[in-house]
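Construct the complete structure from the given sequences, taking the supplied hints into account.
Going line by line, the protein sequences match chains A and B. Numbering-wise (our numbering), the first sequence opens with residue 1 and increments by one. Numbering-wise (our numbering), the second sequence opens with residue 1 and increments by one.
Hints are computed from structural coordinates only; laboratory data are not their basis. All clues stand as given, with none of them false.
Not the full set, but computed from the structure, chain B residues with beta-carbon under 10 Å of chain A:
#, residue
1, 160
2, 163
3, 164
4, 165
5, 166
6, 170
7, 171
8, 177
9, 252
10, 287
11, 288
12, 289
13, 295
14, 308
15, 309
16, 310
Cβ atoms here follow ideal geometry from the backbone N, Cα and C, with glycine treated the same way.
Chain residues, written in single-letter form:
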Amino acid sequence: MSSFLARRLLFALALVVVVSSSALLLARLAPGDVTAELGPFAGAAEIAGTRARFDLDRNPASQWVVWMARAARFEFGDSFLYNRPVRGLVLRAAANTAVLALAALALATLVGIPLGIVAGSRQGTGAAVIRAASLVCLSVPPLLTSLLLVFVAATTRWFPLGGMTSVAAVGPSGPAWLADVAVHLPLPVLALALPIAATFERLQAQAITDALRQPFALAAVARGLSARDVVLRHAWRVSLRPLCGVYGLAVGALLSGSFVVEFVTAWPGLGRLTYEALRARDIYLVAGCAAMGGVFLALGSLVGDLLLLAADPRLREAARARSGERQTA
Amino acid sequence: MRRAGQGLLALVVLGAAAAPWLAPNPPDRTFPAALYAPPTPVRLRHAGLRAPFIYPQRVVSALERRFEEDATRPVPLQWFRDGRLVTVPDAGGGPLLLLGADSLGRDTFSRLLYGARTSLVLAAASTLLALLVGALIGGIAGYAGGVADETLSRLTDFVLVLPAMYVALALRAVMPLVLPPATVFALLTAIFALLGWPVVARGVRAIVASEREREYVVAGRALGATPSRLLARYLLPAAGGYLAVQATLLLPAFILAEATLSYVGLGFPATVPTWGTMLQEAANVSLLGGAPWVLAPAAAIFVVVLAVNLVVQGTGRAPVQLEP
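Structure representation (structure tokens):
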């Protein structure tokens with residue numbers, strides 16, 4: 001188990017380094033640099049000073065070395081746009097995105113899985129309605145759901161149109177602030193969660209149907225178990241495996257989806273920050289955002305793998321056997 | 001269910017192909033008196049049944065965007081005029097705005113038809129390119145095995161892990177922001193293909209790797225067929241069904257990617273009608289509530305994605321598409 005974790009951590013580190021380095025080099029090699037943000041009337045000295053501040057006067061390779069050396073000490077340089085260290089900006093945006101993504105994941109799980117169990121194990125109108133609804137939701141990606149919900153909010157005023165807090169909100173702490181965020185949360189979460197809930201529902205329904213076709217389900221029925229017990233206690237456990245595999249992948253979908261949702265609903269998360277940074281060629285902010293994205297991805301795939309191990313004893317056995325071999329070898 | 005999906009897709013493609021004939025107005029024409037004008041409904045009753053007509057619209061208050069129909073003066077639709085199926089000339093009380101007008105007074109319905117051309121052709125071209133690259137790389141990896149397979153598979157897995165939207169965003173954003181439409185088209189095609197190939201390659205690799213051990217391939221090799229001939233004639237055709245399914249998954253994903261990029265201002269220039277650039281109109285939240293018809297491109301995207309899902313579900317191969 002520990003060797004498994006160590007390997008995964010190494011992979012995570014490699015992922016973060018590769019992703020952030022390529023983002024840095026990409027932003028550096030792209031035509032134009034951050035001095036364009038200074039405007040057409042900036043003096044030569046100001047431009048030179050800005051270039052020196054962001055190491056643009058070095059060649060790309062040596063800039064990368066300098067940046068890596070600093071990044072190893074968890075200093076990621078300054079942002080031009082915000083005129084502040086990148087670390088705080090990125091951590092704050094990442095926390096906002098994590099709140100959005102985790103809430104959406106929880107909602108999608110709570111809605112999608114039970115509906116999938118019902119749709120997969122029963123026949124009749126209820127299951128058909130669920131199937132039709134999830135087919136529609138699958139066809140409404142986050143871009144469309146967020147636009148639609150913003151439109152609904154604009155006409156009904158049930159929710160705030162966007163943002164994470166009201167303008168009048170007090171400082172970033174205290175119950176009043178939390179309540180304010182809670183009011184702003186449902187719209188983006190719903191926009192992000194709907195398509196993912198539909199995906200979960202379809203997967204779960206399919207997995208339950210497959211599991212119920214296997215001989216052990218028939219055997220359970222033959223032993224006289226109630227339909228409810230066969231589905232919930234036997235078939236569901238087996239069906240968890242394909243589902244857990246998807247949780248690891250869902251992080252990518254959540255990140256991609258949250259970019260759109262953040263953009264449409266003005267949620268101050270990582271997606272918006274990345275977009276701003278890329279447009280302004282704010283090189284260290286780009287690299288910082290990419291590094292944070294890499295961390296999310298690595299965490300997601302790690303959690304997905306751990307879930308798989310928890311859901312499938314056969315995999316646990318295999319992992320144990322592998323690590324045993326290695327120790328004896 | 002499958003039929004319904006195919007019918008919807010055919011309808012959209014026909015609409016795009018026949019856009020110049022079906023569109024009542026030129027897509028770039030602005031009607032200064034019709035900023036955010038609501039749709040002009042086509043009516044049949046005015047003192048008894050008569051041929052389809054509209055009531056001309058009049059601005060009551062440009063500031064409040066209030067319009068009024070002149071219910072005393074029915075204007076008949078003109079069929080087959082100026083090379084268009086149906087239109088209403090300006091002089092006769094036009095324009096005919098089936099889906100209203102946007103912030104510049106352009107006909108949303110006409111732009112929707114023209115936008116379908118760019119959006120669909122871009123998605124189709126990207127899909128073809130992604131399939132081609134994916135089949136090639138997957139085929140080579142599956143056939144060659146060994147180090148080549150290992151390297152290509154690692155590369156595939158790496159690209160697969162990345163969140164596609166961010167990569168597309170980054171690749172587009174590092175290019176100059178203002179580019180001519182043709183260049184944007186080529187650039188987006190390349191970016192989308194770059195993001196789409198790994199899924200294809202992984203599946204093709206698995207199929208080719210299992211297929212190459214079969215007798216007919218061994219026989220082909222024994223008869224002296226070169227690896228490239230084996231791949232092109234025997235192994236890749238075996239992956240045909242898989243490629244078809246992947247195409248149906250990639251196509252809506254690319255339509256959506258174009259819409260997203262154009263929506264955030266990193267796709268086509270705003271003057272080119274595509275479903276994405278049209279959606280920029282919806283970014284003005286305060287005006288959205290009063291002009292829901294600017295969401296028409298969103299509805300069009302929904303129809304295409306739903307149609308594709310209906311087709312694929314009808315074949316029994318339920319797709320699980322996590323990342324459009």
